[in-house]
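K.L.:
Sequence:
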Amino acid sequence: MVNKRLLPGDGEFDIAAFLQALWTVGYEGPIGVEVLNEYIRKWDLGTAATEAFAKTRRVVDAARLAWTGGGK
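Using the working numbering, the final residue of the sequence shown is 101, and nothing's skipped along the way.
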């Protein structure tokens, strides 16, 4: 399954809950994206970077909004 991973927000893993748990214990470091997908590796670098950034940004922003209570 390693080469079948999806970009943030496309899969089943609850990234928002994971991020919120990290923030709750005080983590303030960087967040990275691993593109371990045989299909995405065929994209040109610009497309892969643009898509990975956009999807990650949406997930992180929504998680942060919910975590701070702004999503209620």
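A hint or two may mislead.
With a cut-off of at most 25 Å between alpha-carbon atoms, the simulated PhoX-like pairs for lysine-lysine come out as follows [as the list claims (entries may be wrong)]:
#1 Lys33 / Lys84
#2 Lys84 / Lys71
#3 Lys33 / Lys71
Label-pair restraints from in silico Cβ distances [as the list claims (entries may be wrong)]:
#4 Leu94 / Leu74: 17 to 23 Å
#5 Gly38 / Gly58: 33 to 39 Å
#6 Asp73 / Leu51: 19 to 25 Å
#7 Asn32 / Ala95: 26 to 32 Å
#8 Thr53 / Leu74: 30 to 36 Å
#9 Asn32 / Thr53: 29 to 35 Å
#10 Asp43 / Gly98: 14 to 20 Å
#11 Pro59 / Ala91: 16 to 22 Å
#12 Thr97 / Ile69: 28 to 34 Å
#13 Ala83 / Phe42: 14 to 20 Å
#14 Ala50 / Arg86: 26 to 32 Å
#15 Lys33 / Ala83: 34 to 40 Å
Think of the hints as simulated: they come from the structure by calculation, not from any bench.
Beta carbons are placed, not taken as given, at the ideal position from N, Cα and C, and that holds for glycine.
K.L.:
Each hint should be assessed against the structure and marked as holding or not.
P.N.:
Quick rundown of the hints versus the structure:
1. With a C-alpha separation of about 17 Å, the suggested pair Lys33 and Lys84 falls inside the 25 Å cut-off, and the hint holds.
2. Annotation: proposed proximity of Lys84 to Lys71 holds, straight-line Cα distance about 18 Å (limit 25 Å).
3. Between Lys33 and Lys71, the direct Cα distance comes to roughly 13 Å. Compliance with the 25 Å bound is thereby established for this hinted pair.
4. Leu94 and Leu74 have their C-beta atoms about 30 Å apart, which leaves the hinted 17 to 23 Å range violated.
5. Under the hint 33 to 39 Å, the C-beta atoms of Gly38 and Gly58, about 21 Å apart, miss the expected range.
6. Taking the beta carbon of each, Asp73 and Leu51 are about 32 Å apart, not inside 19 to 25 Å as hinted.
7. Taking 26 to 32 Å as the suggested C-beta distance range, the pair Asn32 and Ala95 conforms, at roughly 31 Å.
8. The hinted window of 30 to 36 Å between Thr53 and Leu74 holds, with their beta carbons roughly 35 Å apart.
9. Roughly 32 Å separates the CB atoms of Asn32 and Thr53, a value that falls within the hinted 29 to 35 Å.
10. Between Asp43 and Gly98 the beta carbons are some 18 Å apart, a value that agrees with the proposed interval 14 to 20 Å.
11. A C-beta distance of roughly 18 Å is found between Pro59 and Ala91, which places it inside the suggested range of 16 to 22 Å.
12. Between Thr97 and Ile69, the C-beta spacing of about 31 Å keeps the proposed range 28 to 34 Å intact.
13. Between Ala83 and Phe42 the CB atoms are about 18 Å apart, so this pair conforms to the stated range of 14 to 20 Å.
14. At roughly 20 Å, the beta-carbon separation of Ala50 and Arg86 lies outside the given 26 to 32 Å, and the hint is violated.
15. For the pair Lys33 and Ala83, the beta carbons lie near 21 Å from each other, so the given range of 34 to 40 Å is not met.
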